[in-house]
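Participant: The lines below spell out each chain.
2 protein chains.
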Amino acid sequence: MSLVKLYDTTLRDGTQGEDISFLVEDKVRIAHMLDESGIHYIEGGWPGSNPKDIAFFKDIKKEKLHQAKIAAFGSTRRAKVTPDKDQNIRTLVQSEADAVTIFGKTWDFHVHEALRISLEENLELIYDSLEYLKARMPETFYDAEHFFDGYKANPEYALKTLQAAQQAGVDCIILCDTNGGTMPYEFPKIIAEVKKVITTPLGIHTHNDGDCAVANSIMAVEQGIVQVQGTINGFGERCGNANLCSILPALKLKMEKECISDEQLRHLRELSRFVYELANLAPNKHQPYVGNSAFAHKGGVHVSAIQRHPETYEHIRPELVGNNTRVLVSDLSGRSNILAKASEFNLNLDSKDPVTLEILDNIKDMENRGYQFEGAEASFELLMRRALGTHRKFFSLSGFRVIDEKRHEEGQPISEATIMVKVGGKVEHTAAEGTGPVNALDNALRKALEKFYPRLKEVKLHDYKVRVLPAGQGTASSIRVLIESGDKESRWGTVGVSSNVIEASYQALVDSIEYKLHKEEDAAAKK
Amino acid sequence: MSLVKLYDTTLRDGTQGEDISFLVEDKVRIAHMLDESGIHYIEGGWPGSNPKDIAFFKDIKKEKLHQAKIAAFGSTRRAKVTPDKDQNIRTLVQSEADAVTIFGKTWDFHVHEALRISLEENLELIYDSLEYLKARMPETFYDAEHFFDGYKANPEYALKTLQAAQQAGVDCIILCDTNGGTMPYEFPKIIAEVKKVITTPLGIHTHNDGDCAVANSIMAVEQGIVQVQGTINGFGERCGNANLCSILPALKLKMEKECISDEQLRHLRELSRFVYELANLAPNKHQPYVGNSAFAHKGGVHVSAIQRHPETYEHIRPELVGNNTRVLVSDLSGRSNILAKASEFNLNLDSKDPVTLEILDNIKDMENRGYQFEGAEASFELLMRRALGTHRKFFSLSGFRVIDEKRHEEGQPISEATIMVKVGGKVEHTAAEGTGPVNALDNALRKALEKFYPRLKEVKLHDYKVRVLPAGQGTASSIRVLIESGDKESRWGTVGVSSNVIEASYQALVDSIEYKLHKEEDAAAKK
Chain S
1089 MSLVKLYDTT LRDGTQGEDI SFLVEDKVRI AHMLDESGIH YIEGGWPGSN PKDIAFFKDI
1149 KKEKLHQAKI AAFGSTRRAK VTPDKDQNIR TLVQSEADAV TIFGKTWDFH VHEALRISLE
1209 ENLELIYDSL EYLKARMPET FYDAEHFFDG YKANPEYALK TLQAAQQAGV DCIILCDTNG
1269 GTMPYEFPKI IAEVKKVITT PLGIHTHNDG DCAVANSIMA VEQGIVQVQG TINGFGERCG
1329 NANLCSILPA LKLKMEKECI SDEQLRHLRE LSRFVYELAN LAPNKHQPYV GNSAFAHKGG
1389 VHVSAIQRHP ETYEHIRPEL VGNNTRVLVS DLSGRSNILA KASEFNLNLD SKDPVTLEIL
1449 DNIKDMENRG YQFEGAEASF ELLMRRALGT HRKFFSLSGF RVIDEKRHEE GQPISEATIM
1509 VKVGGKVEHT AAEGTGPVNA LDNALRKALE KFYPRLKEVK LHDYKVRVLP AGQGTASSIR
1569 VLIESGDKES RWGTVGVSSN VIEASYQALV DSIEYKLHKE EDAAAKK
Chain L
1089 MSLVKLYDTT LRDGTQGEDI SFLVEDKVRI AHMLDESGIH YIEGGWPGSN PKDIAFFKDI
1149 KKEKLHQAKI AAFGSTRRAK VTPDKDQNIR TLVQSEADAV TIFGKTWDFH VHEALRISLE
1209 ENLELIYDSL EYLKARMPET FYDAEHFFDG YKANPEYALK TLQAAQQAGV DCIILCDTNG
1269 GTMPYEFPKI IAEVKKVITT PLGIHTHNDG DCAVANSIMA VEQGIVQVQG TINGFGERCG
1329 NANLCSILPA LKLKMEKECI SDEQLRHLRE LSRFVYELAN LAPNKHQPYV GNSAFAHKGG
1389 VHVSAIQRHP ETYEHIRPEL VGNNTRVLVS DLSGRSNILA KASEFNLNLD SKDPVTLEIL
1449 DNIKDMENRG YQFEGAEASF ELLMRRALGT HRKFFSLSGF RVIDEKRHEE GQPISEATIM
1509 VKVGGKVEHT AAEGTGPVNA LDNALRKALE KFYPRLKEVK LHDYKVRVLP AGQGTASSIR
1569 VLIESGDKES RWGTVGVSSN VIEASYQALV DSIEYKLHKE EDAAAKK
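Line by line, the protein sequences give chains S and L. For the first sequence, this note's numbering begins at 1089 and goes up steadily by one. For the second sequence, this note's numbering begins at 1089 and goes up steadily by one.
A hint or two may mislead.
You can't tell identical chains apart in this list, so a pair holds if it fits in one copy or across any two.
Calculated pairs, SDA-like style, for lysine to any residue (alpha carbon to alpha carbon, straight line, at most 20 Å) [what the hints assert, rightly or not]:
#1 Lys-1553 with Glu-1365
#2 Lys-1093 with Leu-1153
#3 Lys-1277 with Lys-1342
#4 Lys-1140 with Arg-1117
#5 Lys-1140 with Gly-1458
#6 Lys-1152 with Asp-1114
It is worth saying that the hints were derived from the structure and are not from the lab. Quantities reported herein were computed from a predicted structural model and do not represent experimental measurements.
Can you build the whole structure from these sequences, using the hints too?
Facilitator: Structure (structure tokens):
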């Protein structure tokens, strides 16, 4: 089995996509997830282009990764300056990344029209920049921008640019289909021509403008390409980059390439979901391999066939990528759907146990109402505790009121919450202000409960996400709130769903508090 | 130029997709649209499987189509009956369609496990059924189900099934990748083998389970296939069918095949949108060729390049498929993004105009505070209007109060808003309830303003997104609200940022209302 290295650019090229924006903290979390998923290179950003990306390279140095190497992205030097004087090149070296990737111009038209320099000068830019970086960085890669368009316009010159990179001693030359319009049948011939003059290992970087990004990457691997660049869920400018969530299983299951482990592949769906969540985007239901509908069967003929032999209408076993078969006709799907749900949440319960059935019925019902337990493990644990009878009620609510008031066109409204709770027969009635209604409610609730449970003071609210769920047939749309809380030791996620954002937030806040109190009780019991 | 015929199965295979359901009336409307778009064959349904499909074939006979032929779908006859006694085959003839397509088994495993008959008997099923239909229908096609999987399992038998169809005299044999898992590099060799024994014209039918449906269809056309089956927007079971909205422009613009006219291609985006609308699904923003983001540019480098030469970062001219270039305004923006945006709104800005600089400074300042104008073009237009002095103040706020109250542990809180506004010296003080605080505030604000501006009644709130932005040094975290509103003609996005979610939502609501009122004024001025 030959080895193919995976190079993820979700954090750089992915963020060029419309609506994609990550905080530095999100980027660090995604880098950890990519590392655990076996991705070999993680392109973290373009440190020369904005301060947010510089911060990422600084922060990621403090983190411990298992195997992934962090790559910094940039361009060849500007004309008329030496690499050591070029700010962009210097920032790349200063990033202290494990690898560096720079792009240069392959297409003569771009050299004339974008760089406005001579073809010869461009070759010098490529050679100089790479030679300088190669001497200073552990690994150096070259992205040949617009390679396929450039090759079709002027093959001789396009190959010369690759030769300049090869002479500088780069570790890999990546052929980029920057505009994403190359057709799959063009790859074998062009790559064969490249291989006649280039002995440096080759990589591929494709975009999806022609709806062929994944296929084009696969065609290139079939021609002996050894590095594949792409993004999780195909995030990226215009129509997106090549989707690693589709390429990974193709490499492993169809082409028998060595890349990530079987175990890592079984977390593919989880990886996809995690990145959607941090981007605050709804997953693509019909996404190949990892989507909710990817193994969903509707037609009656198909359903009865797959129940006897899944391979009749499934091209791979869904569990290999952490997905599962779904049967969309409810009266046929009941039992198998419920059992599939159990393994989705790693529930090791007997299928005949009535508690299992209760939990799974609850989940199904809640998911129909818009709940989602990915990213809300604490709420899921509470749900299991309730079904198993190990859940304790720490307090009961007598009522709350939240008021936001604005008296002038300028300035902020004032938010105030009053709350009444009962703990073991004692009533606490109090009030608090906040920077908004949810913050005021959170402050009031915790102020009331801290009297009884002082360790709640340790809990901090780290993240708060709101998503509007589409209306079902004849029903109003509902709102899902995901909250991430933490104390000194750990972080946990909780979820609430309601047509009212205050109620949804309240549910998630209560779950977060109850989770913390259970955690403290369990810890005390262990001592 | 060689001719490729397009066979659309949106109305049959497309409806196998999760969440896809069309009324008979919808199907007739889509058939008209497909006909106008130059699609050669429209597969209307499987009349043998449900009464809705029988109704379609009856209704479509009354309609006048320009050129498209209507095809009915079904299967080979059952074992042990002659075609004239097979209900499914008889219904096909009764449909009076212009063409008929039946599928049969290619894969020996399916013959044994699904049909449970001998391999020889299956060949008889294929031959008999097709011979019977060929004598009774104007055109007869054969879908070789699971052809590629069948060929890989037992090539000899798979080819025999095609030969049975050829002997029956069918007009086209369609090679189906039913499970959608075939890789693009497998097509040339397999199709070459088929062509050694089959002289009947060949077609291709692919599914997207491997994320390669479009590429696989293109690979097949490159091998001389003359009929391409697919669906609009790639609707279909699991991950969908091959997307005709991607295949059509590839055939026309990349492969120079004769299929539809240039004029018909210019309506491609319209066709895509129309089908999404009737399916009541949100369009895929990043969809190749026709999506809103397909030609959207975010990076400053890309923007200045495409303004001089669009081909630098666009693989085709977007207007060829009825789409257009969009420039996104983000923290990656330079002066060129602002100027491009201004001309989009018909605002005449000069790069040296001090107003341009003021707008740029404003944007940078606002983005530092967490604003984002991607997806909030209406707020951006208002910002430009303010800088240019063409913004009008339609009302002023005297104050609002929002109250959320909950009196029991179970049940929803009640949300109520009171508001006081002034319009041209008149004061309106009113109140409204809502399903949450923002909804209550929106209801109250519009109730107050509709008195003065009745056309605000047309505005609907389509989407509401909330994102928590991280705290800066010593400052509280802030909240960004993106709202998408619309009226009968168009949709627009607005943004608000504040540490208080109510205030952020209020800003976005006010922008949405002001945008609508400006739009109405501009329209009235033109008359």
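Participant: With reference to the structure, classify each hint as holding or not holding.
Facilitator: Here is what the structure says about each hint:
| no. | hint | result |
| --- | --- | --- |
| 1 | Lys-1553 with Glu-1365 | both (9 Å within a copy, 13 Å between copies) |
| 2 | Lys-1093 with Leu-1153 | within (17 Å within a copy, 53 Å between copies) |
| 3 | Lys-1277 with Lys-1342 | between (22 Å within a copy, 17 Å between copies) |
| 4 | Lys-1140 with Arg-1117 | within (15 Å within a copy, 50 Å between copies) |
| 5 | Lys-1140 with Gly-1458 | between (34 Å within a copy, 14 Å between copies) |
| 6 | Lys-1152 with Asp-1114 | within (16 Å within a copy, 56 Å between copies) |
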